[in-house]
Amino acid sequence: MSVREPVIRVEDLHVWFELPGGGELHAVQGISFDLHEGERMGLVGESGCGKTTTILGMMGLLPATASVSGKVILDGEDILARGEDSISPHRWNDISMVFQGAMNAFNPVKTIGEQIAEPMELHGLASGKAAQGRVRELLELVGIAGDRANRYPHEFSGGMRQRAAIAMALACSPKVLLADEPTTALDVMVQAQILELLVKLSTTLGKELGLTVILVTHDLPVVAQVCDRAAVMYAGEIVEMGGMSAIYHDPRHPYTRMLFAATPDLFGDDEVISIPGAPPRLDRELVGCPFRPRCDSVVEPCATVHPRRLQLAPGHEALCHLNDSTATEAAS
Amino acid sequence: MSTADRIDPRLLEVDGLVTRYPISRGLYGALARRPKLTVLAVDGVSFTVGAGEMVALVGESGCGKTTTAQTVIRMVESDAGSIRFRGTEIGALGARELRPLRREIQIIYQDPYESLDPRFTVRDTIEEPIRVHGLTGSKAEREEKVREAMERAGLTPPDLFIDRYPHELSGGQRQRVAIAAALVLEPKLLIADEPVSMLDVSVRAGILGLLDGLRKEGMGVLMITHDLSTAAHFADRIAVMYLGRIVEEGPARDVVRNPQHPYTKALISVVPRRDPDERTVPQILTGETPNPVNVPPGCRFHPRCPVAEARCKETDPELRVVEGVDPVHRAACLLL
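For the record, the sequence lines run as chains A and B.
Sequential numbering of the first sequence, starting at 1, is according to the numbering used here.
Sequential numbering of the second sequence, starting at 1, is according to the numbering used here.
The hints are simulated quantities; they were obtained by calculation from the structure and are not laboratory data.
Do not rely on the hints blindly, as some may be mistaken.
[Unchecked claim] Taking lysine-lysine and the DSBU-like style, the derived pairs with C-alpha atoms no more than 35 Å apart in a straight line are:
#1 A:Lys-200 to B:Lys-313
#2 B:Lys-36 to A:Lys-110
#3 B:Lys-36 to B:Lys-216
#4 B:Lys-216 to B:Lys-139
#5 B:Lys-265 to B:Lys-216
#6 A:Lys-200 to B:Lys-139
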């Protein structure tokens, strides 16, 4: 681990929604992590675990029914501190996002170039000729010939539209890119092209230093091939986070281990298992470990005590009683 | 199911299947006498599915795998080739003769959020095929069949699910309802079109294990999937499609571990692995699958092929046994 300051630090992020019939849904329950320049982290978990809500919260793009607490620190400044006032100067400029399904969200009657230039014009970064020049530069950066800027979305294939969506997110030269399921609807060959692009962007962004990437996906192998680190989310919490290799070879949370076991591998001979049950509802108080009803290694305190977050090795942490000798001994 | 049925290799035999879709020229195009264009969705596909066998049809979007399945069940009409089911040619049967056979070939779809009627309870959904096929019997008999199908599909105990509506079920449970509605007719062949791609990873293995169990009971399963890892794990044989053609076909393990066709090799090289220390060197093909309106001459893969030679532009290779590999492992490449 270097001594450099992280590019972005998330501290105890909570997101909850007031429900129409009273009560609240606690979608994100205290997420903390930090990322250095050029780092690629995968945020993985089943649908509804809070991955997308986490990154929308970091962007300040949640609907008005959502309440957010915690800090998102960029260059020493908490961009959540004063709500929209403190986020908006950084949104797209420093922290940017490729939305899920972005490749299908282009306006069909405007050219790709016009749509990529739009955020630059809105942010007063460039206009007219300069903006067009920047659009060509961005398209080249994501592997599309610059003269395609005046084409319409229907003239692009799915993979090219996804590249264009990434180019649009990079328009204001952000430091951090949040990519929500960027390859989910794509074929495996096109997926490989997009993943290669994300790796390239984080390694060198033009002459500048690397882009920091958070890749949100349900697909563990994609994270394994592309990311340095992974954070596994369950019921609104990060239940395990660590280097990719550590997480795969030495998972310290049963959910991580079971997720890998549920994923077939091309050359694997091991039996593929399913994880019984379903994630808990988040609109009520959870007692004990949220994963307990589905876990294959339950110990005594799991039913009553919420597990502590324990640092197991530098950069490797998990939220499970099995790693906590004090909790298990106290019970026995 | 008797042993003889189980080893019958000829449950489904598809030979030289061709399916084209016409493209509308529009009024102007017709007046200007522009040439009629067709999409060659399936262009000479041959394969078999035996009883007790799971065959995976693998390929990227637009390669024709779903059209192949739809042609087999006669949802789409073929333009050439033969489809034999248990020895009977069904490609030319009329609707009336086809009807009893429809019971024996059932299909389940990708999206259990869309394939179930939201106003039908689980009972209604599973009972409907019985009524449609006029197998009514008494109410008690139908109820018995519905519950039996639910148990086979893993919706147990049936009492817990039978009166529920789709919105009260998870994705995995919905897919099990769709499977139960297929099983209630006691089909011999089940076609599963991307049966788990809409489901969470945690429940996929359950659905695939269920299909695997049906296969072991003697059912033939034709699985359409884009996921090579799933195919490698669960299928007996894999057929890789590219632009309307099967380019490689053989035992699942062989195709994955010893691919012969350059397209299969490239495809396998880009499948992400679970183990971060086994990062593959992806052999990324440039561009995307060409439009099946303009199938390249010669070998259809030659414009993207990393090892293509001059002759590949002229000769369209046939699917044939490759020397030095398993005799039932075939590939369509001139260089082999």
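Does the structure break any of the earlier hints, and which numbers would those be?
3 and 6
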